[in-house]
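S.K.: Listed here are the chains, written in short residue letters.
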Amino acid sequence: MIALAAADTFVKPHLAYGSLWPILVVFGAACVGVLIEAFLPRQWRYAAQFGTALGAIVVALVGTGIVADRLTVRGGGVARGYFGSQGTVALDGPTMFLWGVVLVFSLGGVLLFAERHVEGGVSAFAGQAAALPGTESERQSAGLDHTEVYPLLLFAVGGMMLFPAAGDLLTMFVALEVLSLPLYLLCGLARRRRLLSQEAAMKYFLLGAFSSGFFIYGVALIYGYAGSMDFGAINEAVINNAGNQTLLVIGMGMVTVGLLFKVGAAPFQAWMPDVYQGAPTAVTAFMAAATKAAAFGALLRLLYVAFGSARWTWQPMMWVIAILTMVVGTVLALVQSDMKRMLAYSSIAHTGFLLTGVLGLQGAGELHAGQITSLEAVMFYLVTYGLTTLGAFAVVGLVRDSAGEQSTISRWAGLGKHSPVVAGVFALFLLGMAGIPLTSGFTGKWAVFEVALAAGAWPVVVVAVLASAAAAFFYVRVIVVMYFHEPDADSAYVVHPSILAAAAIGVSAVATLALGVLPGPVLDLAHSAGQFIR
Amino acid sequence: MNDFPWLTLLIVVPLLGAVATAALPAGHKLELPKQVALGTSLLTLVLAVVMSFGYDLDGGFQFTEEHTWIKTFGAHYALGVDGLGLLMVLLTAVLTPIVIGASWYDADPGATLRHDDEAAESRHTKAFFAWALALEALSIAVFAATDVFLFYVVFEATLIPAYFLVGGFGGNKRRRAAVKFLIYQLAGGLVMLASVIGLYVVSAEHGAPSYLFGDLQGITIDPDTQKWLFVGFFIAFAVKAPLFPFHTWLPDTTEQATTGTSVLLVCVLDKIGAYGMLRFCLGLLPDGTQWATPVVITLALISIVYGALVAIGEDDMLRLFGYMSVSHFGFIVLGIFVLSSQGGSGAVLYMVNHGIATAALFLVAGYLIKRRGTASIRAMGGVEKVAPVLAGLFLVFGLAALSLPGLSPFVSEILVLIAAFQHHWWVGAIAVTAIVWTAWYVLWMYQRAMTGPELVGGRVEETRDLDRREVGTLAPLFLALVVFGFFPMPLMKVINPYVDDTLQHVGVHDPAPTVAIDGHTLPATEGGQQ
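For the protein sequence lines, the chains are A and B, in the order given.
Each residue of the first sequence is one higher than the last, beginning at 1 in our numbering.
Each residue of the second sequence is one higher than the last, beginning at 1 in our numbering.
Bear in mind the hints are in silico, worked out from the structure with no lab data behind them.
Quantities reported herein were computed from a predicted structural model and do not represent experimental measurements.
Among the hints, a few may not be true.
Stated by the list, open to error - Once the Cα atoms are required to be at most 27 Å apart in a straight line, the calculated DSS-like pairs of lysine-lysine come out as: (1) Lys370/B with Lys173/B; (2) Lys417/A with Lys173/B; (3) Lys370/B with Lys180/B; (4) Lys370/B with Lys385/B; (5) Lys417/A with Lys180/B.
To be verified - Computed footprint of chain A on chain B, listed as stretches where at least three residues anywhere in the stretch have a Cβ under 8 Å from a Cβ of chain A: (6) 72-86; (7) 140-154; (8) 180-189; (9) 205-211.
Said to hold, decoys possible - Looking from chain B toward chain A, a few residues come up when the C-beta cut is under 7 Å (computed): (10) Ala157; (11) Gly167; (12) Arg175; (13) Leu193; (14) Ala194; (15) Ile197; (16) Tyr200; (17) Val201.
Where a beta carbon is used, it is the ideal one built from N, C-alpha and C, also for glycine.
Required output: the full structure, derived from the provided sequences and hints.
M.R.: Structure, rendered in structure tokens:
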């Protein structure tokens, strides 16, 4: 009966293919990649997969530019865009900006995935994922290349694009899973130190599944509160104060917890160091940069669009979480002896800085003319943080000894002497993360601290500047090791990469400097993205 | 002539020189990069001097340039100097070539300050000179910036060359000293960042956000907000200056760094602390300044006495100079925060004089320490007999540090002391004791290190006297000390309009004179009679 009645009133959904196509290109290319894996001879796969992935991302990036250019103005000029697919996908300025960001990071990720020079002719991924570590079959697969990683990457990228664009909770959940599942797999595919890698994948999967549980439970509660999954409808319910407030508060908390897991905010950060350390470094680089951008985009949309009117409820909680995240990330990073773990904790601290920007949400009337908005600040910070992190992890992938990557910090002694260029670039990334002026980290920090201060969150800003000062210590410690310690026989050395990884590192380094000296164009771009559509 | 971008030129020339120095091939004698560095710094000096001939003594910001830099942040590339800025730029431009000349062999492979130090590496030789030039460029930018954001950026950026200078060259524990230096400075700077951002928020509330110094001076900031902003700025500048209790990095750093680096740090970079207090605390936050005056004066007095007392007990000559500087910076801060024209003029003059006298003392001590292979005063003795020129100059510069009448620091110290007594008699009474303490440690140091019998087993006979290069680097400083000791008028003419402007902005007036001497002519007559 119900089905019939529905069929009577069926309206063809307006999907807005004209604006969705960058996502579809990525997903389509991912499917093509699966077919390539099935039907192409082994020796051609690398080139075909790499070409497909690179091409898809470049086309999607160009497409994002074209689509962003054609967005219609609405909401009195503060926002641009429209809903696609019956309101489930919001195609607005911030979405386009974040698409661009995610795609740029993915471009770097693809280049790092395809790097074969460093491992001596094969990629950094296990030849055969199913071969148990230490067995005969693993030794047989030593010379093989694993090319499934490219379609996996593309699926993750598609999920990451959908994530911040989601217009309702269900789409957001689907996007969350689509981006997470390929990443769980990718984490377990390291060629060297496979047990560590598989452990990382397992932890990531378990905790990720756990956080998804939180998220979906929260979705159910919110649905119970508002009677809709749609962000606009939830917002209206909040404004009209309809429904049970307890449901709203608990539901909001749970959904937020699910997202805070993904961005690695304390106290949900426990998976990050293990996963960042165990995953193949190229995957870590891609994941650290792109996942964070996508997840923060989703978090911003959820908090600003669906719960914007209830911000007096979530802002105090965000204060606590931001402070906790900065303190935990900074303090634990101080005692790390492994480079990847240190960068993971530093990434947690940066999540705290980003949250400082998130809680800087102000009502339209409270902002002064020409003042930077919290959305702009966070989006800008994502660009600066992502490029610096991508570059830093890419450099970590080059520093090796006979056993593979050498990420023990003390073994980097004297790197500045025998590899001045690589050490110099890495020092630049570290200075950028520390937020030294004339690097991108500084302008990013300035932006997020400003919006928090303007919103009256001065205690958070005070903690943030103190955490930045403490954070400088562990970044500088690495520079001391690289430049002022003498190399010995055990010291790691730098393997010169091919043009692929070199390009990713080079672009990141240039961006780290350029966004510190002349951040104007990117800030303007973030500004022109406008507000979320409602 | 004022349309010509003099200040940009003064920043770009040493910066290009730094790049060229770093990029040049180092021949086996490493002469070429050094010559390029020296040439660049001398060119900068010439440009700075030529520029200052165009300076109009009426005051106000001159040689201004202004371009929008980051529109969203309200930041501008805006430069300009007033009396204070001009003197600091000139001080930087004068000291850098002297430091480069004095450090000619200090960064060579195998060169050490003390005998037990490890040698600097050969490939780092060029780096020393390149970083020194970079530091000069950034320091000039700090003193010339008239946009708070630009100031903050270059203020923090100076740490990078300073860090590599301290960490790369000098004593065995230089790495720890460099990290301590950097952490102190970064922590102070980041606290200031909160205040810098606070200024943006305030400025946004008053219309379009702008970081231009002139725009910020034009808005009225709520007194309570001023207090918070003041605290942020003040902590950063107190770390930089350094003021008790933020001073502990300074002796550690001067002990480990080469004396050339110490000159750049203590005589140029630390001036940014006092400069910032004048420019931002007094210039932008008059209510906050008046609110904090009692606390700041107390800290300054503690610095003056504490620095001097610890200096008496120091055996390491370079640490002694560090504590001496803490004491002297106390005087500068005291002069600034008593908020009177004598105090202000005295403080600014003190900044210049301290720069000259302390630089001279560090350099001559560096020459001595290199000859003796130790910085321990106890391990020296009898230098007078074998190196009379060295000992004589050491005495003159030491006497300058203790403000002997006839040498330029006297003028500034007496001005600050007069202002301190006018502020409150007990402030003056505490500050004036420093004259005794300073005489004690300077003369006692001279007595132990230079006079007396030659040390048995010592290497007095190896202690050559100063050579021509070394005398050449000290001669300009010696001349400046004597000339400005008798004739400080040119400096005062530049300083006084600036101090009057600033005090007017703070909203204080001098107390009515109790003696029949006009405050502005006081320095000339006092100094001239000596």
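S.K.: Now tell me, hint by hint, if it's right for this structure.
M.R.: Do the hints match the structure? See the list:
1. With a CA separation close to 17 Å, the supplied pair Lys370/B and Lys173/B stays within the 27 Å bound.
2. Distance hint between Lys417/A and Lys173/B is fulfilled; the C-alpha atoms sit about 19 Å from each other, no more than 27 Å.
3. The suggested pairing of Lys370/B with Lys180/B holds, with an alpha-carbon distance near 25 Å, which does not exceed 27 Å.
4. With a CA separation close to 18 Å, the supplied pair Lys370/B and Lys385/B stays within the 27 Å bound.
5. A C-alpha spacing of about 23 Å is found between Lys417/A and Lys180/B, which places the hinted pair at or below 27 Å, so the restraint holds.
6. Residues of the region 72-86 of chain B lying with their CB closer than 8 Å to a CB of chain A number 3, which satisfies the three-residue condition for coverage.
7. Evaluation of the coverage hint for the region 140-154 of chain B: fulfilled, as 3 residues show C-beta separations to chain A shorter than 8 Å, against a requirement of three.
8. Check result for the region 180-189 of chain B against chain A: holds, 4 residues qualifying (beta carbon to beta carbon below 8 Å, three or more required).
9. Taking a C-beta to C-beta cut-off of 8 Å, the region 205-211 of chain B contributes 4 residues in contact with chain A, enough for the three needed, and the coverage statement holds.
10. Interface restraint check: Ala157/B against chain A, minimum CB-CB distance 5 Å, threshold 7 Å, status holds.
11. Among the interface hints, the one on Gly167/B holds; its C-beta lies about 5 Å from the nearest C-beta in chain A, closer than the 7 Å criterion.
12. At about 5 Å, the closest approach between the beta carbon of Arg175/B and any beta carbon in chain A falls short of 7 Å, and the interface hint on this residue holds.
13. Annotation: Leu193/B was flagged as interfacial toward chain A, and the flag holds, the nearest CB pair being 6 Å apart, inside 7 Å.
14. Proximity of Ala194/B to chain A holds as hinted, the smallest CB-CB distance being about 5 Å (cut-off 7 Å).
15. Using the Cβ-Cβ criterion of 7 Å, the hint placing Ile197/B at the interface with chain A is satisfied: the shortest such distance is roughly 5 Å.
16. Checking Tyr200/B against chain A: minimum C-beta separation of about 6 Å stays under 7 Å; hint holds.
17. The interface hint given for Val201/B holds, since its Cβ lies 5 Å from the closest Cβ of chain A, which is under the 7 Å cut-off.
In this structure, none of the earlier numbered hints is contradicted; all agree with it.
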